[in-house]
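Participant: Please build the complex by placing chain A with the ligands on the supplied structure of chain L, with the hints as guidance.
If you read the sequences in order, they're chains L and A.
The opening position of the first sequence corresponds to residue 1 in the UniProt record's numbering, with each subsequent residue numbered one higher.
The opening position of the second sequence corresponds to residue 1 in the UniProt record's numbering, with each subsequent residue numbered one higher.
Calculated directly from the structure, the hints in this document are not laboratory data.
From a predicted model like this one, the values you see are computed outputs, not experimental measurements.
Backbone N, C-alpha and C define an ideal beta-carbon position, used for all residues, glycine too.
Among the hints, a few may not be true.
[Stated by the list, open to error] Computed spacing ranges between beta-carbons, pair by pair:
| no. | chain 1 | residue 1 | chain 2 | residue 2 | range |
| --- | --- | --- | --- | --- | --- |
| 1 | A | Y170 | L | E44 | 41 to 47 Å |
| 2 | L | S481 | A | H175 | 56 to 62 Å |
| 3 | L | N49 | A | P149 | 36 to 42 Å |
| 4 | L | R40 | A | A147 | 38 to 44 Å |
| 5 | L | Q222 | A | E63 | 39 to 45 Å |
| 6 | A | P149 | L | E382 | 42 to 48 Å |
| 7 | L | F116 | A | D300 | 41 to 47 Å |
[To be verified] Chain A is faced by these chain L residues, among others (derived, beta-carbon under 7 Å):
| no. | residue |
| --- | --- |
| 8 | T70 |
| 9 | G73 |
| 10 | I77 |
| 11 | Q105 |
| 12 | P130 |
| 13 | D131 |
| 14 | Q137 |
| 15 | F142 |
| 16 | K144 |
| 17 | L190 |
| 18 | D311 |
| 19 | V341 |
| 20 | M350 |
| 21 | L359 |
There are 2 protein chains.
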Amino acid sequence: MDWKPDFSSETPLYIQIKDFITNKISLGEWAVGTKIPSQRALAELFNVNRSTVVSALNDLMAEGLLEGNTKGGTKVINNTWNLLAASPPPDWSSYVQAGTYYPNQPAIQHINRAEFQEGIIRLGTGELSPDLLPSEQMKQIFEKLSAKPFSLGYEEPKGNRHLREQVVEYLRDLHIQTSPSNILIVSGALQGLQLISMGLLPRGASILLEKPSYLYSVHVFQSNAMKLIGVPMDVEGIQTSLISRYKKGYNASLLYTIPSFHNPTGCLMPESRRQELMKVCADEGLPIIEDDVYRELWFDDPPPLPLKARDPNALVLYLGSLSKSLSPGLRIGWVVAPEPVIERLADIKMQFDYGSSSLSQRAAAEWMESGLYQQHVTQIREHLKRKRDLTLQLLNTYFLGIATWSVPSGGFYIWIRLTVDVPMQMLFDRAYKAGILLNPGSIYDRNAGSFLRISYAYAKMHELEWGISKLADLVKEISISAV
Amino acid sequence: MDWKPDFSSETPLYIQIKDFITNKISLGEWAVGTKIPSQRALAELFNVNRSTVVSALNDLMAEGLLEGNTKGGTKVINNTWNLLAASPPPDWSSYVQAGTYYPNQPAIQHINRAEFQEGIIRLGTGELSPDLLPSEQMKQIFEKLSAKPFSLGYEEPKGNRHLREQVVEYLRDLHIQTSPSNILIVSGALQGLQLISMGLLPRGASILLEKPSYLYSVHVFQSNAMKLIGVPMDVEGIQTSLISRYKKGYNASLLYTIPSFHNPTGCLMPESRRQELMKVCADEGLPIIEDDVYRELWFDDPPPLPLKARDPNALVLYLGSLSKSLSPGLRIGWVVAPEPVIERLADIKMQFDYGSSSLSQRAAAEWMESGLYQQHVTQIREHLKRKRDLTLQLLNTYFLGIATWSVPSGGFYIWIRLTVDVPMQMLFDRAYKAGILLNPGSIYDRNAGSFLRISYAYAKMHELEWGISKLADLVKEISISAV
Ligand SMILES: Cc1ncc(COP(=O)(O)O)c(C=O)c1O
Ligand SMILES: Cc1ncc(COP(=O)(O)O)c(C=O)c1O
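Here chain L stands alone, though its shape is the one from the complex (with noise of 0.2 Å):
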């Protein structure tokens, strides 16, 4: 909300405020139904003290549009024009509650909106630093674009033909042989994993995966009536001893990994481990999901190869996105699978947006062709790894002895554990009111409690520097109160 009340004017500023909520009202803005912000928040939001928002509330609800209850929540529950209407104008509220598809987490929720709060400092987001997106760059390739001849019309079912080409060009260096019509370019590689829920998987199904996980932050898999079994993690990643066992007892359909850089542990797979892995699955006759965004994202060596370049038997789905090294807001990702299994998700993504935007296509495909990709990539990994021993020499200052971690050799993500009683919710508030944001570990694994997922690529140095001693003081200070 943008709107504030005019000072100057002559119109009692609570008139004014009473004026504004009415008008949002009789549009449907705030439709019956609909709970409105707290005294404090609109007090926040329009610069005035919170007496004068009671005033104006009290006001409305004395003219039967609005009514508080006793947790101090207020409620929208008639507009001036119900009044001539012959029937309740719908309950939108319940409409929202009776949808299918789960809600966010409320602490992603709480962090989706917080992240586009200016000056706030963002230490566990998983995306590179606007200043490492490449927007100089990409003024290249809108130059390129406009030399070419450009068709504006509705994609493949599959994607983009040259697209998918520059893909197979650039799995080939992963030593992963496709082509084209195994590939399914999609709108980042979370919207593959959708597909692929709603393409593949019965309602019941169970999907193992490593515990914590990213998929646990996001609804993809439960809102379609499925369940996430979270198998153990050592340092080399899922225990690959267990899968047997975890796929029998819950007659697992597949599996989702995430080998290279882990997100939120940043654990990197290591060659052996992976064979191992691709040996249990093939016993186990049990496909996977090889997700491998962060691929891209290593400081010293690469990682080995991805597990779909020793995939014999097809086992593999494998999801790619140029999210992470290149830019989130292209929204570009592809699945390599075997052709019916690319159909079938084709079909689907048909019905469900009829392709990706043809523009982030083509300008996907003239980064790739022009080899701007690797060289920007190659220069991501040198920002990130230095951003990555900042922040640990940073957590070596402050959060000795009272947390421990481990070393990522790539990707975003180092994930902390506090060795001292900090209730989370409580650090999240007082970070928040200080200005930081965090990701909780919860988000992850609802036993991770007294973790942190930290991510060094969003957050500049300065940023990181004052961010990371700062919470070290609110971590010592909450758990000296709370002794």
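Facilitator: Only chain A with the ligands this time, still in chain L's reference frame:
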């Protein structure tokens, strides 16, 4: 498949083909369970005699890689690696069948594939022809974009702020008063429908809609176990006198309508019918999805104001899109709705694909802000009108006495009913052989077997001329031979 055998090589053609297929199988591109193309299709693809293909396939069957069935279909049943594996590889075909999302209707799958065949005349396609898409002006937009600061990160949950502001301005001209917080940017109107289906309705819900309707051509609601209940139309659109009865009889949760230049009938709902519709829905407390993607494409007079422009009770969820008037490849549309609804849908969109392409969003904002969009639409109206006129003239020349149709005052479509007896599948196949792609009416209403959706939007003038006269020939041929 781009591969062709090397006709100058000393290796016999059937061996080359055998090697090619073996390779595809062992790479997992044709995984176990894949139904491979028919002998005839392979012969065409490879440019060889069918007997050459048969030799190759026979060898592969003898080696245990393929299996034929009595209907002439051939399936991959094994691969060279399997013999080593402890258990059989995943049967991807059974995965494909297990998924909950409905596949496209076979006719649509066929159309989706055939649309990208070179030289085919598309008489039913719901898309502007490439020469009506503003490729040149798009270059100007690229130039403007490359002169501006450009962020490549994930966008806000509701979509790029600046674009939402432009949409607010744009909607003001349609007498829809709203604000950026009541708008969600989506990857086309289709995605808006998908989000509504998953976000606002329980499994088992019923949706009223015009019969026929575009909505029957996708499985957005049915895949969530919802039912579409068709309400008959007359020349003014959905028959409002029936709504109350249908609502009660089916306990309907929503009504979906395309009041302006309905797909597939071309029907324009006049002012009086709009008022009746709003009245009956207000009386019944029945919310409406207003799909207004064709609004801009009027020929003589603009259509009456949207339902959303007269919506004091916040009954209407409004859908708009740039696909039909500017570029489908942009994949940009919008939902306008009460705030709790928009927040719910935005939250799901974040779990679907983390928002639409920021490239597309910024390009869309630029189109709207610069005024180029309105200029472009003015031109499109003229072009389309000319194509409509030509098409009507052609129908009058060739279809008089064998079909009836109505005259659309905007949009893309003429809904024609064949008055002679013609099995539609046969007509579709014959037309396809002659290089013409049709959209049979049954896609939009199972009982509309004698209808065709003719679109004058995609085919070029000379294609319309040749295509429609050829189509009339085919209709006459088939109907005579049927007698
Ligand atoms: C492991 C993993 N997979 C997929 C995604 C989604 O990425 P995209 O932007 O390609 O949808 C993310 C982003 O957070 C991720 O961490
Ligand atoms: C009535 C109607 N609504 C929605 C759509 C989908 O359009 P978009 O490209 O905006 O998703 C179409 C396209 O065929 C349509 O005809």
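Participant: Could you tell me which of the numbered hints above are not met by this structure, giving the numbers in increasing order?
Facilitator: 1, 6, 8, 9, 10, 11, 13, 14 and 16
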